[in-house]
Amino acid sequence: MSDVIAKDDLLRLVDQWLAEGKRVLGPVKAGDGVILYAPLAASSQLVLEGFVHAANSIKEAVFPRSETIYTYKFNGHEIELSDVDPDSTQCIVIGARPCDAASLPVLDHLFNWDYKDKFYNARRAATTVVTVACSEYDDNCFCTSVGLGPAAEQGSDAMLLKAPDGWYEVRAVTDKGTALFNGKTTPAPEIKVPISDGPAKKFDTVDIETFLKNNYESDAWRDITMRCLGCGACAYNCPTCHCFDIVDEGDAAGGRRVKNWDSCQFGQFTVHASGHNPRAVQAQRQRQRIQHKFRIYPEKFGAILCTGCGTCTRNCPVSLGVLNTLEAIAAVARGSIEVK
Amino acid sequence: MNTPVDYVPFQARIESIVEETVDVKTFRLVFCDPAVAESFSFRPGQFGLYSVFGAGEATFCIASSPTRKRYIECSVNKAGRVTTELHQCNTGDVIGFRGPYGNWFPLDEMAGKNLLFVGGGIGLAPLRSVIWNVVDWRDRFARVTILYGARSVGDLVYKSELTAWQEMDSLNTVYTVDPGGETPGWAGKVGFVPAVLEEMKPSPANTVVITCGPPIMIKFVLASLGKLGFSLDAAYTTLENRMKCGIGKCGRCNVGPLYVCKDGPVFRCDQLRALPQEY
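Going line by line, the protein sequences match chains A and B. In case it helps, the numbering used here puts the first sequence at residues 1 to 340. In case it helps, the numbering used here puts the second sequence at residues 1 to 279.
There could be a bad hint or two in this list.
Said to hold, decoys possible - Each computed DSSO-like pair below joins lysine-lysine, with the alpha-carbon atoms no more than 30 angstroms apart:
#1 K262(B) - K118(A)
#2 K213(A) - K219(B)
#3 K300(A) - K219(B)
#4 K262(B) - K213(A)
#5 K29(A) - K7(A)
#6 K73(A) - K25(B)
#7 K73(A) - K78(B)
#8 K262(B) - K219(B)
#9 K300(A) - K262(B)
#10 K73(A) - K176(A)
#11 K113(B) - K227(B)
Claimed, not checked - Computed list of chain A residues with no C-beta within reach of chain B, every gap over 12 angstroms:
#12 D9
#13 G33
#14 E49
#15 S82
#16 E169
#17 A172
#18 V173
#19 R227
#20 P317
Note that these hints are calculated values from the structure, not bench results. Yeah, the Cβ is synthetic: ideal placement off N, Cα and C, and Gly gets one too.
Extracted from the complex, chain B is given alone in its bound form (with noise of 0.2 angstroms):
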């Protein structure tokens, strides 16, 4: 296992920083000790610990594809007390990680089956993990569909490789914006996600769901889920509480008996119905 312990984090140099939004950055970390940066492995939708020293500790997911090694990637929206030194780093900085925690999507169970991403603002990072990840494992799955919106087409993250995954004949891609997010130039579709989503009438057989955006757009796309006669267990979505530790003990992530840290944070719709709403 090469998780670090004793609450001490790995140290990990910035090797390359994309501005994705006004506030939302991406960042390459490549592990200063070789042997780390030989040994990390991890499962998409894991999550870390980053470090900013002076400034303290966030969680975030790994952004980035298990399948792509030697480095790791996270995108974070300038929010907060962390997040706000971090977007003042430069590429060459060094910061820490800790991780990787939690549990993971289960990529195996979903051999032979159609994935449906669907992604809202900046959750589609944890989704870019297991989209990278099915890319590379592109024979393993039957019918791959992303569907991506933000409020605007500022908002949008990833957009180089969401032109890249439009290219790509493997991919079905469909991105929009809210309305009045659109710009003149935007081919996209304009409309809330849930609605897209309903108008794109997705067959429920034999297929996963995958989702993430902010909890007002998991909740409508649930019941357009159920519209579409989509069962919820076969659902999955990711959740982000505050958290301390990642190693639940801190006490603050859990969602009724479940602690997101250790028992998450990926968590099938149909658990998460059973939940308290907690997050």
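The following block holds chain A by itself, in its conformation from the complex (with noise of 0.2 angstroms):
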């Protein structure tokens, strides 16, 4: 038994969406024809059909780049601290890719082990997403590597199946997904739309994370890291990445203080104010990175963070990213490439 929705109702009940003072999120072309999760402000800017990947991610909607935590006003002598509501505005993701909503269910863990992040938690709480279910994908995806494929339902609210003549098969996977359709959709029993098998697997997380294991000092992150620049657009694009810093902005009357995205393939990242940097050169950044995804977080949490969908690639200015390290990485492990 399917649900379906044609495709003209869904606009519609987008902007109805809209109409209610929701926020609405979803792919949109923005300039030089690149595709951008963004805030709509109508149904027709929407772009869900054909190969749509776009170049930023929807952690967005829970973990934005800049986030005020508190306030603080000088007073003379004193100090007014006034703590900040976090925004619980209704949000809906409408068409994000399997890959980005798997995002969600990984960074709960790190937001809620030991200290729950009020913020990250109501945003999570008023998000509802709805996904589309691939069908095409390109070189750098890699969703079946890590356990997941083309319609994937971890993280989804509902997902949407492109289905012919114009219409979409509703899958409802949550609550929040089952409110959202509710009364929008008609029965279909004849439509079940086949799932792509995704892009072929292309290394196998288990030998990874050996590798990881057992080569932490190998000269491979120097060779296969040599050409990284530093310049951090895997980390701020990646679903998954989710380190910050927190600092001051205000004057000599008060400010804020302040959450802001951060990468730990900046050189300033973990300097000491001594000018000690553990990870004083960019190999040794590349390692926490690749090591924090495939093997730190999955002995701590049991999920790997990193959902295939090879964005970090995608934006990498010199061809790097997840994919291409972990294959540099699986050849090293066979032996087909000699470390230097």
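Take the two lone chains, each set in its own frame, and fit them into one complex as the hints suggest.
The structure is reproduced here in structure tokens:
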């Protein structure tokens, strides 16, 4: 039994959400034909079909680039601190790819172990994610190598699958997803959208984890990551990268304390006040990123900190990114690349 | 639990400031909220994030002893943006404090043992918290020895306390400065900390070592301890990698798979030996 919605009705529904004052985020065409997840002004902006892979990720819905965590005001010798309520505006992400949505349950671990981050959790609770299953993929996609796939439901509240003749099959995954499409779909027992196999598996995460455990000091890191510029584009656009900085912005009267995205690829990221830097060279920073994603995070939380979206590689000015790095690591592990 | 939530620090007023060296000051802080002042507790070795509003936050250990209630102290080397601002602060000024975070030196497990403190430079700050705690619980431990050194006499921190410890019958103290760092009146030793340690020939029997100092000093201290027959699982140290959140989120203080803010900052030296050199 399938439930379907016509594309026109879907777009009307998106406009209805906007009219209700909800924040709606979806893939739109920005300048130069680049597709970005961005707030929609109208459903007509939405890019749903074809190979849609935004250059950024949907993490911005739950973990914005910059977020005020409290404010301070100077009052003579006294200081007034004011809590900031987390933004809990209802937000619907429409047209996300399954690899983007899959980052959310992975990030839940980090923001909820030990101390629970109220900002992340408020946004997460207020966000409903509607994904579109993938029918096309490119050379940089590797969802199947990290245990996901073109219709993986992790992190989706509802999933749309493109059916023939302008219809979408709607699969509700969570109660939120059910509520969102309640009364908007039509039963269509005859429609069953086939799911593509997705990209061929490109490496084995168990092999990678074994290599990472046994080759912390390998010269392979230097050889493989030599061309990295340290720009951080991989981390900023990654759906799972979550490192942040905390800084003050203000003047003599007061200001705000802000949590900003940061990246382990920046040279200043770990530098001590003394000038000593535990990760002094770029290869160590690349190693940290890969170790964090494929060994440290899985050991700590039982989840790989990568969804195989390939966004890091597509954004990388020197064609590095997780996939190329892991393929090189796999080749070193097999002995087919010699480490100098 | 008295830890602040949601990144918002407790406010604390600077009650007094001691100039330890030309670039190190010790600040005594009293929480502005009497309820916080009353309920706040911590263990020796734990750290906090100190805020100078407008400049940001920086991480330091709590340098006072948990047995001395009502206030906390931190010793700060003027090195970066926040610490420079903090050095500009006067008594009466209000700063922020989030904490206590991290683990601590397991004093309970050290009961009945000889304690050997080996400190270098401002690395004495976390040891100072333990030392005063031990002084206040003196009958729980056997022989207590403090070896402390700095580059020069001028770089020794807690000078009046060094004298106080020296005068206590219950503590053995050895103070040293690096060659060339002595003054004409210097009565202590001249030599690097690891060399002086080897000269002292402490017995490893029933002894726990607590060490902190510059990374290079720790490295050679561990080598000297090895020569003296100490096992690494009887030695503890504390790390201070750069941190922003202090609560296992911001992603920068990890050394391999361990987060200094959550799994540390106190590590047993055999644990440390197993980790990559990213500290």
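The hints, checked one at a time:
Between the alpha carbons of K262(B) and K118(A) the distance comes to roughly 19 angstroms, so the proposed pair stays at or under 30 angstroms and holds. For a cut-off of 30 angstroms, the pair hint linking K213(A) to K219(B) stands: about 24 angstroms separates their Cα positions. Annotation: proposed proximity of K300(A) to K219(B) holds, straight-line Cα distance about 28 angstroms (limit 30 angstroms). Pair hint K262(B) plus K213(A) holds up; C-alpha atoms about 21 angstroms apart against a cutoff of 30 angstroms.
Distance restraint check for K29(A) and K7(A): the Cα-Cα separation of roughly 19 angstroms lies within the 30 angstroms cut-off, and the hinted pair is therefore satisfied. Restraint check: the Cα-Cα separation between K73(A) and K25(B) comes to about 26 angstroms, which is no more than 30 angstroms; the hinted pair holds. In summary, the hint linking K73(A) to K78(B) is supported, as the alpha carbons are separated by about 25 angstroms, within the 30 angstroms threshold. Of the pairs offered as hints, the one joining K262(B) and K219(B) holds, with about 23 angstroms between alpha carbons and a cut-off of 30 angstroms not exceeded.
Annotation: proposed proximity of K300(A) to K262(B) holds, straight-line Cα distance about 12 angstroms (limit 30 angstroms). With a C-alpha separation of about 40 angstroms, the suggested pairing of K73(A) with K176(A) is violated against the 30 angstroms cut-off. For the hint pairing K113(B) with K227(B), the CA-to-CA distance comes to about 21 angstroms; that is within 30 angstroms, so the pair holds. For D9(A), the condition that its CB be more than 12 angstroms from all CB atoms of chain B holds, with the nearest at approximately 41 angstroms.
Consistency note on G33(A): stated as away from chain B, and its beta-carbon is indeed over 12 angstroms from all of that chain's, at 33 angstroms minimum. At roughly 36 angstroms, the least C-beta separation between E49(A) and chain B is larger than 12 angstroms, which holds for a residue marked as non-interface. The Cβ of S82(A) does not lie farther than 12 angstroms from every Cβ of chain B; its closest approach is about 9 angstroms, which violates its non-interface assignment. With a closest Cβ-Cβ approach of about 38 angstroms to chain B, E169(A) is found to remain outside the 12 angstroms limit, as its non-interface label requires.
Once the 12 angstroms rule is applied to beta carbons, A172(A) is consistent with being away from chain B; the minimum gap is 32 angstroms. With a minimum CB-CB distance of about 27 angstroms to chain B, V173(A) clears the 12 angstroms threshold, and the non-interface call stands. Every CB of chain B lies more than 12 angstroms from the CB of R227(A), the least distance being 22 angstroms, so the non-interface label holds. Remark: the non-interface label on P317(A) is consistent with the geometry, its nearest Cβ contact in chain B lying 23 angstroms away (cut-off 12 angstroms).
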